[in-house]
Every structure is written in structure tokens, then in C-alpha cells.
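**Student:** Use these hints to put chain B onto chain A, whose structure you have.
So the chains spell out like this:
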Amino acid sequence: MAMSDTAGSLSRTWARISLLRESPVGMVGAALVIFWILVAIFAPVISPYDPNSNDMDALLDPTPNAMHWLGTDMQGRDMLSRVVWGSRTVLTVAPVAVIVAYAIGSLLGLLAGYYRGWVDNLVNRISDIILSFPAIVLYIIVIMRFGPSALNVVLAVIFIATPQIMRIVRGMTLELREREYVAAAKMRGESTLYIMFVEILPNARGPLIVDACLRMGYTTIAIGVLGFLGLGLPPPTPDWGGSVKDNYALMSLYPHMALFPALAISSLVVGFSLLADGMREISMRD
Amino acid sequence: MQVAAEQRHSPRQAAATPPVLELRNVSISYFVRAGEMKVVPNISFKLGQGEALGLVGESGCGKSTVAFAVMQYLGTVGRITNGQVLFEGKDLAKLSTQELRAIRGRKISMVYQDPMSSLNPVIPIGRQLMEVPIIHFGQSEQEAQARALQMLREVNLPDPETMMTRYPHQLSGGQQQRVVIAMALMAEPSLLVMDEPTTGLDVTVEAAVLDLVARLREKHNTAIIFISHNLGTVVRICDRIGVMYAGELVEEGPIGEVFRNPRHPYTRGLLSCIPTLGADKNSRPLTAIPGQVPSILNRPKGCVFQPRCRFAVAELCSQDPLPTLDMSEHHHVKCVRANELPSHEKLPEGLEAVALGEAPVDAEAVLQIAHLRKTYHQATGMFGSAGYDVHAVDKIDLTANRGQTLAIVGESGCGKSTLAKVLTGIELGSEGMVTLAGQEISQTPVENREARIKRAIQMVFQNPDSTLNPSHSIGYVMERAIRKLRGLGAREARSEATGLLKTVNLPVEFASRMPRQLSGGQKQRVAIARALAGEPDLILADEPVSALDVSVQAAIINLLVEIQSKRGATLVFISHDLSVVRYLADYVAVMYLGQVMEFGRTEEVFAPPYHPYTEALLSAVPIADPDVQQRRIILEGAIPSPQNRPQGCPFATRCPRKVGEICDTTPPPMQTAAAGHRIACHIPMDELKKVDKVVVA
Chain A
11 MAMSDTAGSL
21 SRTWARISLL
31 RESPVGMVGA
41 ALVIFWILVA
51 IFAPVISPYD
61 PNSNDMDALL
71 DPTPNAMHWL
81 GTDMQGRDML
91 SRVVWGSRTV
101 LTVAPVAVIV
111 AYAIGSLLGL
121 LAGYYRGWVD
131 NLVNRISDII
141 LSFPAIVLYI
151 IVIMRFGPSA
161 LNVVLAVIFI
171 ATPQIMRIVR
181 GMTLELRERE
191 YVAAAKMRGE
201 STLYIMFVEI
211 LPNARGPLIV
221 DACLRMGYTT
231 IAIGVLGFLG
241 LGLPPPTPDW
251 GGSVKDNYAL
261 MSLYPHMALF
271 PALAISSLVV
281 GFSLLADGMR
291 EISMRD
Chain B
14 MQVAAEQRHS
24 PRQAAATPPV
34 LELRNVSISY
44 FVRAGEMKVV
54 PNISFKLGQG
64 EALGLVGESG
74 CGKSTVAFAV
84 MQYLGTVGRI
94 TNGQVLFEGK
104 DLAKLSTQEL
114 RAIRGRKISM
124 VYQDPMSSLN
134 PVIPIGRQLM
144 EVPIIHFGQS
154 EQEAQARALQ
164 MLREVNLPDP
174 ETMMTRYPHQ
184 LSGGQQQRVV
194 IAMALMAEPS
204 LLVMDEPTTG
214 LDVTVEAAVL
224 DLVARLREKH
234 NTAIIFISHN
244 LGTVVRICDR
254 IGVMYAGELV
264 EEGPIGEVFR
274 NPRHPYTRGL
284 LSCIPTLGAD
294 KNSRPLTAIP
304 GQVPSILNRP
314 KGCVFQPRCR
324 FAVAELCSQD
334 PLPTLDMSEH
344 HHVKCVRANE
354 LPSHEKLPEG
364 LEAVALGEAP
374 VDAEAVLQIA
384 HLRKTYHQAT
394 GMFGSAGYDV
404 HAVDKIDLTA
414 NRGQTLAIVG
424 ESGCGKSTLA
434 KVLTGIELGS
444 EGMVTLAGQE
454 ISQTPVENRE
464 ARIKRAIQMV
474 FQNPDSTLNP
484 SHSIGYVMER
494 AIRKLRGLGA
504 REARSEATGL
514 LKTVNLPVEF
524 ASRMPRQLSG
534 GQKQRVAIAR
544 ALAGEPDLIL
554 ADEPVSALDV
564 SVQAAIINLL
574 VEIQSKRGAT
584 LVFISHDLSV
594 VRYLADYVAV
604 MYLGQVMEFG
614 RTEEVFAPPY
624 HPYTEALLSA
634 VPIADPDVQQ
644 RRIILEGAIP
654 SPQNRPQGCP
664 FATRCPRKVG
674 EICDTTPPPM
684 QTAAAGHRIA
694 CHIPMDELKK
704 VDKVVVA
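Top line first, the protein sequences correspond to chains A and B. Quick note on numbering: the first sequence equals residues 11 to 296 in our numbering. Quick note on numbering: the second sequence equals residues 14 to 710 in our numbering.
These aren't lab readings, by the way, just hints derived from the structure by calculation. Just so it is clear, CB atoms sit at the ideal spot from N, CA and C, and this is done for glycine as well. Be careful, since some hints might not be right.
Cut-off 25 Å, straight-line C-alpha distance, at most; resulting in silico cross-link-like pairs (SDA-like, lysine to any residue) [to be verified]:
#1 K671/B <-> S654/B
#2 K434/B <-> G199/A
#3 K434/B <-> Y204/A
#4 K434/B <-> A193/A
#5 K232/B <-> A115/B
#6 K434/B <-> L121/A
#7 K434/B <-> V129/A
#8 K434/B <-> N213/A
#9 K434/B <-> I205/A
#10 K434/B <-> V208/A
#11 K706/B <-> R691/B
Distance ranges between label pairs, derived from CB positions [what the hints assert, rightly or not]:
#12 L203/A <-> G689/B: 45 to 51 Å
#13 E188/A <-> A376/B: 31 to 37 Å
#14 A25/A <-> S331/B: 34 to 40 Å
#15 E444/B <-> E188/A: 23 to 29 Å
#16 V35/A <-> A115/B: 37 to 43 Å
#17 L132/A <-> E444/B: 44 to 50 Å
#18 P680/B <-> P212/A: 54 to 60 Å
#19 S185/B <-> E188/A: 52 to 58 Å
#20 E188/A <-> R37/B: 47 to 53 Å
#21 Y86/B <-> M37/A: 33 to 39 Å
#22 R92/B <-> E185/A: 35 to 41 Å
#23 I44/A <-> Q530/B: 54 to 60 Å
#24 L260/A <-> N133/B: 44 to 50 Å
Next up, chain A with everything else stripped away, as it sits in the complex (with noise of 0.2 Å):
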């Protein structure tokens, strides 16, 4: 029965999922995360170039042309193919800092909100600390620590995320734990652990799923950020943010230089975005 009632659940959950048809907004978010999706899963096939190997001949004229469609970089390589294999390098970083983020301010958040008392405080007084120092100043004094990589970009985005989702999930979890449908598993002995992860979680995921969204796009932003100031992903490798950084001097030249990735940049965000409108959209539905 249990395997059955998670077939079912999923299948519940797909159902909810296609509402989105219903809503414009949330189509066009969701068509422009699945084209950078699908970008990055193809990368291979579709860039014409490898993102590494230099163009001479292209120096002369970067612009953009049949041979190189977005044109080339400052160092000649090839524009299209550094924005499709940067694709990779943000749409592996941004889920897996949000899925880990999301697992540990999860757990912090069922646990304050669940146990209150000292427990509440300590993790809310830790948060606090993270919470009044601005993000970016955080970013800098993490990577800067212990160095550019994706590691550490991937870890300084869950330092900075997990108290935020802490603060949504212990909201959640104060106003869970009073309904009835707690009391009544208390009532036949279940386990604390239970009552977490089965009775109250799971009806925190509308919220969720929309913040989910919100903070792929946030965390977007934030790697382009890091990559435009120097703390991004070490070169040569492909990176938005990076790209921009590489080549802004020479925008008033040579504008596409910097516009292509900063675009990039744009419509992830803001089909992750969208996407989330749509979410919150349905899950106001009934």
C-alpha cells in the first residue's frame, strides 16, 4: 500500500504539474528552462566549436559571421559554443547547491519549528548572523577563503541559501504542527521523524516548489555574479558570468561580446522565474 500510495502521489503530483498548461506565464518559464535544459544536455552536438580552441583568423573580425554565428571572444573562440557549454557548467551548479540547500535548511527548519524552545533558538540565532551580512559580501569572503572552483561556488551558494529556507520551512512547520492531523499521528504513537518528513513536509511543498524556482533563478544570477567578478569557475572553463567579465572592456566595440552570455544570463532567470509565477499560480488553485 505504501508503494502504491507514492505511485499515486506522483501521479497526483504530475497531475498538478500539467495545470501549468492553464497558465501562459508559467508555459513560457517553463519553455525557456527546458531550451537551456535541453542546451546543456546537447552540448556536445550542438556547439560547433570545442569552447576552448582559439580562432586567429577570427581576431581580425569578431564580429558575428557564417563561420562563427555569435561571433568570437577576445582570445577568438567561439561565442555560440562558450554559451552552450556554460549552460552545463550553471544548470549542474544551481540544482545541485539548491537541492542541497533545500535538504539542510529543510531539516534545520522541521527541527526549529517542530521542537521550539532551544533548539528554535540556536538555529535562528545562527541564521540570523548569516542573514545580516549582505549575500554578495558573503560570496566574496567564502570563495575568496578557500579559492575559486565549482566546489566552492556550489558551497558558498548553501551557506548562503540555507538559512533562508530554514526561516520558510520553520514558518511552515510552526503552522503544521497545530493541525489536527498532527495531533491524531501523536495520538497513535508515531515517531517524531514521521511526523516531520510524512505528516508536515509534505504540505509545505507548494511554498516550496515556488521558492524552489525563485532561488534556481536567484542562484543564477548569484553564479554569474561570482563569475563576472573572478570568483567564478577557474578559466578556461565556460561561464556566463565569466564571459562577461572576460570581454566587457570591449563592449563599446564589440557589444556581442559580453551581450550574448549576459543574455544568456537574462532568460534563465527569467524563465525561472516565470516558471514560478505559474507555479504559485496553480498551487492557488484550490
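**Tutor:** Chain B only, in chain A's frame:
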């Protein structure tokens, strides 16, 4: 008294004066994503000057929609698609926004269910009241202030001068509703629309508010549309009643005529599914109306009530349009068979008929509560150093016997829910003992209780929307409870779950449904089935029917009675509704501010000698029968907060029969009225026994 009641319920000379309000063939629709929803297909009625019309019906029947249509305030999705709303002869739909604004609040006022949302929380009461004459009559500040003060006096608010400077949150719910009523009547409107104005209030406060409305109506000759799901409150206020079902006015007429001779099967259904103070579970079952209100998108052709009607004849009832039959000049029924139906049988037994005779023999006690106290420490000061103790439950003694129902009655804040929390082990008792199945349980939190004890006590909760986890299917809920409590395997649990669903009269297919696919009554049935999963000795039910419509309420009460008689389960039934308690309980404990004021067999508690609080509660219950005589005792003031509980008797601050200073200083002695019937009061027993019955049929 009889004459007075007769006059009150006879129609006034509606025909002589032009109607204040007339609805002519009004259709109201909501336009939503799914398309047009015809909420009210066609409604017509008239309301004469100073007349009060009660609109009743279950939730979703379009009562509030009609009220909003009268106000021309249907929001962005609602629209009157056909017909006219004539107010003092003018078609409201033809008026400009400005003209409408001059009418709203001046000529037509509205009082909503929740007073807190009608009052602005950041403006003092006085200021909010003064706005009315300033805006509508252009009065000066001084004039408006004088008028506001006068109005506050009229609605019996204590100390009106100070009240003017107070903010809404500093008032109790009853006081807030009085302020809203004062505001509504400020401009002496000719029509007052009240949408469930007393639904959120305690019964004694409700009685005081209803009394006030009746008095003010008399004084200002205001016409009233009074919307309520509670037939009893309508009887108190109105001359005429309109019964709504699925957006249609199915029966309309003078109160006396409709209650004595209801002609529409739905009206009859409504009347026979509410317990009145006269009957109990041993004398007759309540008659629930089978089925549910049809969804607006699948309205049946012809008579809307047809699918649930036991008198329906397919060919006759499917006529479209359905004719309205006139029973008398003022009594109209939308039922083709109205003239053929047998006469409606009132309850065979009146109050007198319920004999004090054969009380069932008490079995052994399943639950014993001795001197139980639950104290919350309210910390104040910066580090919680200072503070005071609040006794939410204060030294109570109660017993519940096997196979019987113990009801715990009281208004909000009386400690009944705290008591439930201690019994279930969600909270611990502070002093005293609770013995269940031979074991002390008040000091053991639920997670440390033995499996045997967990099985022995299960609970049915109040709110059908929160009682089932929205993420879990019904089958999962049931099987989980069975496996957890009885330690059965998956296969056995499944067959047990099927059996339990049958026990609560739900189809087996419901196992795969999700809670949101169920109606409130169905959810409550699942909750009852879940409580039965461990085959408990004791079922604790905390207001299990108070959130349900009356027809569903009856079915759930019947189910509880049936389960009790079949399984011999003991029921502790917590409720504020005396009619339901009278019907269901064997023993009743009346609680006030954490203390038991009276305890005894149901028929003893509901007959003299009464505790003065029980007496007041009984006089406050709205009874849906215009022929019942009820002594009016209006309690002033509100229940004191437990932190400044009176030194002596908790009820002393509001007691109409206060003896003297002793009530304020000394806790009342527990007097014995009869074996097993205790009353905590300073009034000597002989004097308590001299009181007349509050309710006489």
C-alpha cells in the same frame, strides 16, 4: 406571552405600505474560469417596512450572494444577469456609483459575520462611528460625537465615553459586534442586511446580541434581511422566513406558518434534522437529509431538490419551469406536490414527554478525573522572571462510564479544549489524577504512553479540513492507523480499513480518494473511522459537528449514536451546543472558567434545580420552534479572562442571581441536588429547586 409571540410572528401589513425592497426575477451569476456559474437562477421576494425576513439554508445555497446583490456589491466576477432589485421603488442597477454610495451605509447597512474584519484596527471606535453622520449627514464633529455616544448607549456597551477611545482589539467579540451594529444603525437605515451576525459568538453573547437587534428593530422600524444557517436565531428575530436551496427560494412565509406547517420537503428535512432541547437519542433518531447540495454546474432540471427528495415523482418534479404554489396569501412553496404531502409530524414528544424515569444502569467507570488542574505559567518581564499562573482547568472531578456519553459543555475559554489536551497526552496535567483503564495518564505525555493506553483513547477533532492530512489518501490514513495501533500486517490492515469505512457508511472506493475530494461530512466520517481503528475504550470528540451543516450534522450524530450502541464505546463529547448535548449525552458537565459548575445526568441538568449559569445557557439556546416558550435571561458582560478570574465563584461577575458579597470572596460549595447531580453555588439548594423550567414546550 402566547399572544405576544403570536403577534411577533404574524406578518405585518406588508401590503398596505410599499415594500422597502423588492427582488423581481433576479438571476445572479459568477463568471469564473470554468464559465458562467448561475448561482441564483431566479429569485423574487418583497420586504415591507420594518419587516424582518430570515434567509436560511445550508452553506453554498446562495444566501450571501443574495445579500451582496441587494447591496449591488458582487465583486468583479459576480453580476446580476436578469431581473430587478428595487429599493424604495428605485432600480438599484440603474443608479450611478455616486448614487449607490449615498444609499449604502445611509439607507442600506450591512453587518457581517466577523466584526473584526468590519472594523478598522488602527482607528478608535468613536472615530469610526462618527464618520457615518459626518459623511452621510454632514454633521459637525460635536454633533457626530454626541450621536456616536448615544448609539453606543443604545447598544448597551458599558462606559460609552471610554469605549469611544478604544481600539477594536481591546473589545471582546460580542462588544465588537455591538459596535458594528451601532455603526450600521447610526444613519437609521430603512434596510439592514445581516449575514450570520452571531455565528462566531458564544451562545450567551449571541442571545444578548439577538435581543439587542430585536429591540432596535422595534425602535427604529428597520427592515431586516437576516441570513443564518441556524433556524433558532431566525425564529428569535424574524417575522418571515425564506428557505433557500441551491440558489432557489423553495419556501417562503410567516415564521409560525412555515414552522407549524412546512410544505417543502427541504424545509421539513431541515426541521427534522436539528435536535431540539426536547428529544434525546433514546427517543428518536435524527433524520438526516441524504445526499449533498448539487453542484451549480449540474443543476437538475425542474426541482433542484428532487435528487434528495423522498416525495419526488419524476414526471411531476422535472417540469421546467417549476410552478410556485401558494399555500396562503403569504406562504409560497416551490414544490409541485406541496398540497399532496402528508402533514408534517412534529416531534412526537415535547419536553414534558422525556420522562425522568428509567435511567440506564451505569456500567463501570472507564475514565476518572479527580481534582485535575492544568496551570499555565504566563511569563512576563524581560527574562520571564515575573509572571502569574493561569488555571485553564481548575480542580475538576468527572467520571465517564462504559458505553455512555459524557458531554462537557461550556463557552469559549471554559477549559474544555485544555481538558481534551490533557486527556490525550498532548499536554500534561499539573495536579490531580486522570485514570483511564486503571492507569494514571495525566503525567505521561502521549509518546511515552503504553501501546495499550494509546489504543484505549482516540480522538475525533473539530475541523474537518484539518483533521485529515491533505497529502495522504483515505486508505493510507486508515491503514496506517490500524497498523500502528493494532500492529497488523498490510493485508489485514487493508481488509480492516474496508470494514471501518463500511462502519461509517462510506463506500469502499473512498480508500483511493484524497481528502480534498471529500465533503466536510465525509471527512468527519473518515476521522471517526480513524478513531475507531484501535478499537478504543474511549472516544474523545471535540466539537465534531460544529463546523458542519445541519443536515450533515444529524448524520454524524446518528453515526456516533450507532457506533456507541454497537460497540459499547464510551464517548466524551465536548460541545458548546446544548441541543446536541441534550440529544446525545447521558451525563453532562457544565464548565465555566475551568471549573465544573454543574454535573449530573442529562435530564437532571436540563431541569431545575439549575446552576444559574446552566439556567442562562438554556435560556440562550436558539430553539427552532416558535411554539416553545423560553424564559429570557440576558447575561451582561463577557467571560472574564482566566488571568483575572474572580476570587470567589467564577461566574459571580455575570451571575443574575448573585447572593451577595460571599459570591465574590468565597468559592461556592459543591451541593448535591440528587444522587450524582452536583451544583457549585452559594444559593441554598431549596431555593435553587424553586426555579421554573427555562424551556417549556
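**Student:** Look at each hint and say if it fits the structure.
**Tutor:** Here's how the hints hold up against the structure:
1. Between K671/B and S654/B the alpha-carbon distance is near 20 Å, which keeps this suggested pair within the 25 Å criterion.
2. A threshold of 25 Å between alpha carbons decides the hint, and for K434/B with G199/A the separation of about 15 Å falls inside it, so the pair holds.
3. The suggested pairing of K434/B with Y204/A holds, with an alpha-carbon distance near 21 Å, which does not exceed 25 Å.
4. At most 25 Å may separate the alpha-carbon atoms for a hinted pair to count; K434/B and A193/A meet this at roughly 10 Å.
5. Restraint check for K232/B and A115/B: satisfied, since their Cα atoms lie roughly 23 Å apart, inside the 25 Å limit.
6. At roughly 22 Å between alpha-carbon atoms, K434/B and L121/A fall within 25 Å of each other, so this suggested pair holds.
7. At roughly 24 Å between alpha-carbon atoms, K434/B and V129/A fall within 25 Å of each other, so this suggested pair holds.
8. At roughly 24 Å between alpha-carbon atoms, K434/B and N213/A fall within 25 Å of each other, so this suggested pair holds.
9. Between K434/B and I205/A the alpha-carbon distance is near 18 Å, which keeps this suggested pair within the 25 Å criterion.
10. Simply put, K434/B and V208/A have alpha-carbon atoms about 23 Å apart, close enough for the 25 Å limit, and the pair holds.
11. For the given pair, K706/B sits about 18 Å from R691/B by alpha-carbon distance, which is consistent with the 25 Å threshold.
12. Checked against the hint of 45 to 51 Å, the C-beta distance between L203/A and G689/B comes to roughly 47 Å, which is consistent with it.
13. A C-beta distance of roughly 36 Å is found between E188/A and A376/B, which places it inside the suggested range of 31 to 37 Å.
14. In this structure the hint that A25/A and S331/B lie 34 to 40 Å apart at CB holds, the actual value being about 36 Å.
15. Evaluation of the 23 to 29 Å hint for E444/B and E188/A yields a pass: the beta carbon distance comes to about 26 Å.
16. In this structure, V35/A and A115/B meet the distance hint of 37 to 43 Å, their C-beta atoms being roughly 41 Å apart.
17. Distance hint check: the CB atoms of L132/A and E444/B are about 33 Å apart, inconsistent with the given range 44 to 50 Å.
18. For the hinted restraint 54 to 60 Å between P680/B and P212/A, the CB-CB distance of approximately 49 Å leaves it violated.
19. Restraint check, S185/B to E188/A: a C-beta distance of roughly 24 Å breaks the suggested window 52 to 58 Å.
20. Distance hint for E188/A and R37/B: a CB-CB separation of about 49 Å, consistent with the stated range 47 to 53 Å.
21. The given range of 33 to 39 Å is respected by Y86/B and M37/A, whose C-beta atoms sit roughly 35 Å from each other.
22. Take R92/B and E185/A: their Cβ atoms lie about 36 Å apart, and the range 35 to 41 Å holds.
23. Checked against the hint of 54 to 60 Å, the C-beta distance between I44/A and Q530/B comes to roughly 31 Å, which is inconsistent with it.
24. Evaluation of the 44 to 50 Å hint for L260/A and N133/B yields a failure: the beta carbon distance comes to about 60 Å.
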